[in-house]
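J.: Top line first, the protein sequences correspond to chains P and F. Residue numbers for the first sequence, in this note's numbering: 94 to 284. Residue numbers for the second sequence, in this note's numbering: 69 to 162.
Misleading hints may appear alongside valid ones.
As the list claims (entries may be wrong) - Simulated pairs of lysine to aspartate or glutamate, EDC-like, Cα-Cα distance not exceeding 20 Å:
#, chain 1, residue 1, chain 2, residue 2
1, P, K171, F, E102
2, P, K168, F, E94
3, P, K278, P, E96
4, P, K280, P, E112
5, F, K154, P, E96
6, F, K117, F, E94
7, P, K174, F, E102
8, P, K171, F, D132
9, F, K154, F, D132
10, P, K280, F, D74
11, F, K140, P, E250
12, P, K109, F, E96
13, P, K97, F, D132
14, P, K109, F, E102
15, P, K171, P, E96
16, P, K166, F, E96
17, P, K168, F, E96
18, P, K97, F, E150
19, P, K166, F, D132
20, P, K174, F, D132
21, F, K151, P, D205
22, P, K111, F, E94
23, F, K154, P, E98
24, F, K128, F, E96
25, F, K101, P, E112
26, P, K111, F, E150
27, P, K97, F, E94
28, F, K140, F, E150
29, P, K111, F, E96
30, F, K140, F, E102
Don't read these hints as lab results, they were simulated from the structure. Being a predicted model, the structure only gives us computed values, none of them experimental.
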Amino acid sequence: MTEKESLHLINEMIGKAKESYITQGTASIVWGALIIFCSLMTWAQYIYKFSIGFDVWLLLLIALAVQIFLSVKEKRTKNVKIYGEQAMFYVWTTFGICIFMMIYYQNFTRADHQIFLLLTMYGMPTFITGGIYKFKSMIFGGISCWALALISLYVSEAHSLLLMALSGLLAWLIPGIILQMRYQKNKAKHV
Amino acid sequence: MFKDLDPLLHSQLRLAIVSLLISVQEAEFTFLKEKTGATAGNISVQLNKLKDAGYIDITKQFKDNYPQTLCKITSVGIEAFEKYVKALQSYTNV
Chain P
94 MTEKESLHLI NEMIGKAKES YITQGTASIV WGALIIFCSL MTWAQYIYKF SIGFDVWLLL
154 LIALAVQIFL SVKEKRTKNV KIYGEQAMFY VWTTFGICIF MMIYYQNFTR ADHQIFLLLT
214 MYGMPTFITG GIYKFKSMIF GGISCWALAL ISLYVSEAHS LLLMALSGLL AWLIPGIILQ
274 MRYQKNKAKH V
Chain F
69 MFKDLDPLLH SQLRLAIVSL LISVQEAEFT FLKEKTGATA GNISVQLNKL KDAGYIDITK
129 QFKDNYPQTL CKITSVGIEA FEKYVKALQS YTNV
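Generate coordinates for the entire structure from the input sequences, incorporating the hints supplied.
T.: Right under this line is the structure:
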């Protein structure tokens, strides 16, 4: 093996290992789409004065159950552990617990500007994930959530739901679609 | 001045394995097999050589009732890999 061949082999293997860092983005797409749907549905109920008869946000609980099922399934078939994976698990678990605590607190106190707090929280794990994985779309998504949180202070609570829908689009749906496209492109390369 | 290339790393399959392991936190035997395209027997032999040199750690356990072999690069392995790459660069820069 010549020196150049060695360097080529190292590059090739590092490149192959990096493919393990590309995820399907399914969770991001599902959560992004759900946040958009629930926000727009709640907004429509406020504005057009109708009721669908149940709290649409309960759909998030179903999504959570599906997410846990998919994560367990993925863990079983995965044969590599990448750097930062554990850190990401703790970041998103912290986020989930804090969102739950915040919603509980809001229902308890009936505080104003609830969406400001939720959008501020949305930005945190999104920005951290984007930063660690150098994924610009998620960094932008995280910053967008914080900008939208500030804007929400100046609009009515009903219209703040439109900002929340926008946050779902920018922070999760678009990055998720980008991840899905990268994954499919990478998969096609190896067919 | 030319530096000596570590003979343990200057072998196609061992170098491929170490390059893969340096990029991830931990990998299963099946991952190494899938990415290198080598046979299980050959990988197994090379893994043992790397382990004996202290370049990698191997953990054998059971996952869902199936045997699982986990490989992880050690600090000695990282240092050797860095030295190897620097030596390669000194050759190719000539």
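J.: If a hint holds in the structure, say so; if it doesn't, say that too.
T.: Each hint tested on the structure:
{"no.": "1", "hint": "P:K171 / F:E102", "in the structure": "holds, 12 Å"}
{"no.": "2", "hint": "P:K168 / F:E94", "in the structure": "holds, 14 Å"}
{"no.": "3", "hint": "P:K278 / P:E96", "in the structure": "violated, 31 Å"}
{"no.": "4", "hint": "P:K280 / P:E112", "in the structure": "holds, 9 Å"}
{"no.": "5", "hint": "F:K154 / P:E96", "in the structure": "holds, 11 Å"}
{"no.": "6", "hint": "F:K117 / F:E94", "in the structure": "holds, 18 Å"}
{"no.": "7", "hint": "P:K174 / F:E102", "in the structure": "holds, 15 Å"}
{"no.": "8", "hint": "P:K171 / F:D132", "in the structure": "holds, 13 Å"}
{"no.": "9", "hint": "F:K154 / F:D132", "in the structure": "violated, 42 Å"}
{"no.": "10", "hint": "P:K280 / F:D74", "in the structure": "violated, 35 Å"}
{"no.": "11", "hint": "F:K140 / P:E250", "in the structure": "violated, 52 Å"}
{"no.": "12", "hint": "P:K109 / F:E96", "in the structure": "holds, 15 Å"}
{"no.": "13", "hint": "P:K97 / F:D132", "in the structure": "violated, 42 Å"}
{"no.": "14", "hint": "P:K109 / F:E102", "in the structure": "holds, 10 Å"}
{"no.": "15", "hint": "P:K171 / P:E96", "in the structure": "violated, 33 Å"}
{"no.": "16", "hint": "P:K166 / F:E96", "in the structure": "holds, 17 Å"}
{"no.": "17", "hint": "P:K168 / F:E96", "in the structure": "holds, 13 Å"}
{"no.": "18", "hint": "P:K97 / F:E150", "in the structure": "holds, 16 Å"}
{"no.": "19", "hint": "P:K166 / F:D132", "in the structure": "holds, 12 Å"}
{"no.": "20", "hint": "P:K174 / F:D132", "in the structure": "holds, 17 Å"}
{"no.": "21", "hint": "F:K151 / P:D205", "in the structure": "violated, 60 Å"}
{"no.": "22", "hint": "P:K111 / F:E94", "in the structure": "holds, 13 Å"}
{"no.": "23", "hint": "F:K154 / P:E98", "in the structure": "holds, 15 Å"}
{"no.": "24", "hint": "F:K128 / F:E96", "in the structure": "holds, 10 Å"}
{"no.": "25", "hint": "F:K101 / P:E112", "in the structure": "holds, 15 Å"}
{"no.": "26", "hint": "P:K111 / F:E150", "in the structure": "holds, 19 Å"}
{"no.": "27", "hint": "P:K97 / F:E94", "in the structure": "violated, 27 Å"}
{"no.": "28", "hint": "F:K140 / F:E150", "in the structure": "holds, 16 Å"}
{"no.": "29", "hint": "P:K111 / F:E96", "in the structure": "holds, 15 Å"}
{"no.": "30", "hint": "F:K140 / F:E102", "in the structure": "holds, 16 Å"}
Of the numbered hints stated above, those contradicted by the structure are hints 3, 9, 10, 11, 13, 15, 21, 27, listed in ascending order.
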